[in-house]
Amino acid sequence: MLNNRLIEFWVGVFVIAGLVALTTLAFRVSNLTAMETVDGYKVTARFNNVGQLKVKAPITLAGVRIGRVSEIVFDSDKYQAVVTLEIDGRFRKIPRDSSASILTAGLLGEQYVGLEAGADEEFLRQGDSLMLTQSALVLEKLIGQLVANLASSSGKK
Amino acid sequence: MNSPSTPDRDVLVDIRDVHFARAGRPVLQGMRLSVARGRITVILGGSGCGKTTLLNLIGGRLRPDRGEILVDGQSVPSLGTRALYELRKRMALLFQSGALFTDLTVFENVAFPIREHTRLPESLLRKVVLMKLETVGLRGARDLMPAELSGGMARRVALARAIALDPMMVMYDEPFTGLDPISMGVIAQLIRNLNRALGITSVVVTHDVAEAMTIADHVYLIGDGRVIAEGGPQAMQASSEEHVRQFLDGLPDGPVRFHYPAADYVDDLRHPGSRA
Amino acid sequence: MTDTAVHRIGRWALARIVRLGHATAFLHVLLVRSWRLPSRPGPAAAKAARLVVHQLFSVGVLTLAIILVSGIFVGMVLGLQGYNTLVDFGSEASLGLLVALSLTRELGPVVTALLFAGRAGSALTAEIGLMKATEQLAGMEMMAVNPMTRVIAPRFVAGLISLPLLAAMFTVIGIYGGYVVGVIQLGVDAGVYWSQMQDRVDFYDDVVNGLIKGVVFGFVVSWIAVFEGYDSVPTSAGVASATTRTVVSASLAVLGLDFIMTALMMGGS
Chain A
15 MLNNRLIEFW
25 VGVFVIAGLV
35 ALTTLAFRVS
45 NLTAMETVDG
55 YKVTARFNNV
65 GQLKVKAPIT
75 LAGVRIGRVS
85 EIVFDSDKYQ
95 AVVTLEIDGR
105 FRKIPRDSSA
115 SILTAGLLGE
125 QYVGLEAGAD
135 EEFLRQGDSL
145 MLTQSALVLE
155 KLIGQLVANL
165 ASSSGKK
Chain B
50 MNSPSTPDRD
60 VLVDIRDVHF
70 ARAGRPVLQG
80 MRLSVARGRI
90 TVILGGSGCG
100 KTTLLNLIGG
110 RLRPDRGEIL
120 VDGQSVPSLG
130 TRALYELRKR
140 MALLFQSGAL
150 FTDLTVFENV
160 AFPIREHTRL
170 PESLLRKVVL
180 MKLETVGLRG
190 ARDLMPAELS
200 GGMARRVALA
210 RAIALDPMMV
220 MYDEPFTGLD
230 PISMGVIAQL
240 IRNLNRALGI
250 TSVVVTHDVA
260 EAMTIADHVY
270 LIGDGRVIAE
280 GGPQAMQASS
290 EEHVRQFLDG
300 LPDGPVRFHY
310 PAADYVDDLR
320 HPGSRA
Chain C
21 MTDTAVHRIG
31 RWALARIVRL
41 GHATAFLHVL
51 LVRSWRLPSR
61 PGPAAAKAAR
71 LVVHQLFSVG
81 VLTLAIILVS
91 GIFVGMVLGL
101 QGYNTLVDFG
111 SEASLGLLVA
121 LSLTRELGPV
131 VTALLFAGRA
141 GSALTAEIGL
151 MKATEQLAGM
161 EMMAVNPMTR
171 VIAPRFVAGL
181 ISLPLLAAMF
191 TVIGIYGGYV
201 VGVIQLGVDA
211 GVYWSQMQDR
221 VDFYDDVVNG
231 LIKGVVFGFV
241 VSWIAVFEGY
251 DSVPTSAGVA
261 SATTRTVVSA
271 SLAVLGLDFI
281 MTALMMGGS
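Chains as they are written, first to last, in the working numbering: chain A, 15 to 171; chain B, 50 to 325; chain C, 21 to 289.
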């Protein structure tokens, strides 16, 4: 029968170890730190086709992660998808005429929104909209186009 | 408080026409007995006659199907949980096995009820525990574990624990069973001394006739779920009633039959495969 | 009255349902007693805390060894098997992600719960069953101390707290086990092992869900262990069969609940 002190000590160690494990999981294993958008602002963009884009997908500018997709809704009047982009407050100098494209990470990976900076001197603010957008590339259509091009080029010969 | 009739000052426990059945089999049928305050009441009976059930009913662990059980004027079956627990602090039940906590020392076992129900400072608690252990003659064994105790010693420690809070009544479930003659004598003397010196009402349930008779103030013999005979020890010894005589003298055959009910002997031998 | 197989199955099913009702009534009392543990005034709360701490030791700390060792091995096997499979697709860079997701979502909580049921659950059942068989619980009751409050509730609460913590530790040590095999032994790039993981393991969908599973398993396994002990037949044979029942019932319950929870959690996305 171990005495009280020793038992309380080991229980303390146990609970601390458990909490350490949980923090490790939160900060070193998961995307928790990367996910936090500090003091973010929201901007919308309209797409004809969002493809496989999901909420919480990353938004990049020059390849650097600057925020995440916070909402995707369907506009039934214009038959478009309205994507809300939540951009981290550290990046406030994005030109208003920047373009947003839905790109795929790698060949078959997750889809994300890639921004390309424009030339406007005015910057995006809360509630603004991106005008220039490029919808997701649908693989089937690409292949269909490729086949059609091959057919027409061989036909021209 | 809860009983319809006026409580009798001299009667601590009043069992009135109690019926109790377990799994369809009747255990108590119209049991009537009363325990006098400050006296040693012995309940004799064969094994399985419901003696332990009676103690559990008094302690509120079981509810009677019919009848009334009054302890110090309160109707036990109708008490709410809190009131029942309050009543239990004033009663003690000594189990046949002692029921000591196997992971605590003798000292800690006796200290348990005191720690749970009082706020005595450690120094005072220590003195009380040692006094209780001294009463049963085991003060020197206080650091032993229950596994290191003999049967008799374990029961004595359990007794020390039972009287830790100075209850008004102690119920003993088969206190003499399985002990050597010396230990039996020790327990009997302890029961008598506690009763005489501290006025603790004692209810002793046993089938050990000899020891019980030496300490009893009043004896009940129960069987068939009811009281068969009652009286002072001398009156019982002198009784010529056949149930009493069979039990007290240890006769193999009498009102309690030797043969378990079976079919005719000759038929059974003659016909192979027949059932009893 | 003929006793066909259908009759017997029906009787068995009815007996199971009655037992479940019994167990639920028990749970109700247990939850009330557990809830009231910390809310008693002054010194009583400290006493209750000490009981729980004591149980955390025997239930949590003593299970730590088997959990950590198992965690390392499971992680290492995941690293080995994962590498062998991914390398065929040229995706061995995703090993860290594979190991982390397998552990946080499923293996961490489930394997921990199964090991816990076997080691701590059976010990709880045996301990309580033995106390019942030697009339210690009855003795306590007669001393006006409620055994549910003093004996059962602290053990239940300790199990409820321990399991999620143990599951987290299993997961973390498993991830490092995968690292040892994948990076040190098989040559996966260390940076990539972690970066792929950190990029794609979602805190809410994976870590938090795994934690929720741990809590649910802790609740169910502790409930079963404690109930089987309390309800056991007070003989040595009775305690033995109760212990076996705990391990079997708890394991099946964990696996069944895991499926249901996974379906609910993954179904949304």
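Derived from the structure by calculation, the hints contain no laboratory data.
Heads up, a few of these hints could be off.
Derived DSS-like pairs: lysine-lysine, alpha-carbon spacing no greater than 30 Å straight-line [what the hints assert, rightly or not]:
1) A:107 with A:70
2) C:67 with B:100
3) A:70 with A:92
4) A:56 with A:107
5) A:107 with A:155
6) B:138 with C:67
- prompt: Going through the earlier hints one by one, which of them does the structure break, listed in rising order?
  reply: Checked against the structure, the hints that fail are numbers 2, 5, while the rest are satisfied.
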